[in-house]
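J.: For the sequence shown, our numbering assigns the number 11 to the initial residue and increments by one for each residue that follows.
Honestly, the hints are just simulated from the structure, not real lab data. Note that beta-carbon positions come from the ideal geometry of N, C-alpha and C, so glycine has one too. Watch out, some of these pointers could steer you wrong.
As the list claims (entries may be wrong) - Keeping only pairs whose Cα atoms sit at most 16 Å apart, straight-line, the calculated EDC-like set for lysine to aspartate or glutamate is:
| # | residue 1 | residue 2 |
| --- | --- | --- |
| 1 | LYS166 | GLU140 |
| 2 | LYS109 | GLU131 |
| 3 | LYS101 | GLU91 |
| 4 | LYS166 | GLU190 |
| 5 | LYS149 | ASP174 |
| 6 | LYS93 | GLU129 |
| 7 | LYS149 | GLU135 |
| 8 | LYS101 | GLU89 |
Claimed, not checked - Now the in silico label distances, taken between C-beta atoms and shown as ranges:
| # | residue 1 | residue 2 | range |
| --- | --- | --- | --- |
| 9 | ARG92 | PRO70 | 29 to 39 Å |
| 10 | GLU74 | ARG204 | 35 to 45 Å |
| 11 | GLY188 | GLY147 | 12 to 22 Å |
| 12 | HIS102 | TRP167 | 11 to 21 Å |
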Amino acid sequence: MAESDCNSDCSYDTDDSEYNFIPGHVNIDDIEVEDDENFSLGVEEAEPDPENYKPYEDEPIATEEWLSEYKKRQETQVEFERKLQDRYDGKHLVNSWCKCGACSAEYLQNPNEFQCCVEIEECVECLSSEMVIAEVGTKPNCVTQHPGFGQVCLQKWSLRLAADKYKTRNKTKYRQTGTENRFLRGISYREFTRLVHGYLGGRRIPLPACTYHKIRATFPEEKSSYAGFETEDIE
11 MAESDCNSDC SYDTDDSEYN FIPGHVNIDD IEVEDDENFS LGVEEAEPDP ENYKPYEDEP
71 IATEEWLSEY KKRQETQVEF ERKLQDRYDG KHLVNSWCKC GACSAEYLQN PNEFQCCVEI
131 EECVECLSSE MVIAEVGTKP NCVTQHPGFG QVCLQKWSLR LAADKYKTRN KTKYRQTGTE
191 NRFLRGISYR EFTRLVHGYL GGRRIPLPAC TYHKIRATFP EEKSSYAGFE TEDIE
């Protein structure tokens, strides 16, 4: 009991704790100040002139090296998006870009979904983990062969129980509003993200094509009912 009281009353973790000033503790109330409002350390802060003030004028100027790297990243992103669009348009068949052997375009809805798991760094790292290799004996070829994928992402009761962990963008409880399969797909997408990427907060990222195919084949819907990555919120 004494230890618990000490932990609650004598915390050293907060910056405003008086115990952070030990040794040489000084009671701040004992310090005499002639004028509290004008008390300072002798450094006066100049008020900015609103007529001459320029936003971001104190920010560091971008160097040529930084601008060059930024331009390269932008060009890489544009090329990546063009590649996915070509796949979506059928210019490149699935067997020309799928390296895991499990991708299919059957249920895919937009260009963002036309990625193989082998192209996604986090998927590769997940399959290369010591825990996975120790369980299956060798590195799986596809993320859908992860030993936890079936249990976490494809089992109805597992998904129903997992639903309580999630909320919508409006911070309301995640609940079924359409068909059960639509509801289960939405939970499955999120469970896969946690399995591979961990907690992402409010950020969302597309899943690989093989994963979309496996989940949507397990919990099917009319093709026109699949929302797709860009617009899905309930799903």
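J.: Next step is simple, just say for each hint if it's right about the structure.
T.: These are the hints, each one checked on the structure:
no. : hint                           : verdict
1   : LYS166 with GLU140             : 28 Å, violated
2   : LYS109 with GLU131             : 14 Å, holds
3   : LYS101 with GLU91              : 14 Å, holds
4   : LYS166 with GLU190             : 10 Å, holds
5   : LYS149 with ASP174             : 32 Å, violated
6   : LYS93 with GLU129              : 12 Å, holds
7   : LYS149 with GLU135             : 10 Å, holds
8   : LYS101 with GLU89              : 15 Å, holds
9   : ARG92 with PRO70: 29 to 39 Å   : 33 Å, holds
10  : GLU74 with ARG204: 35 to 45 Å  : 41 Å, holds
11  : GLY188 with GLY147: 12 to 22 Å : 40 Å, violated
12  : HIS102 with TRP167: 11 to 21 Å : 39 Å, violated
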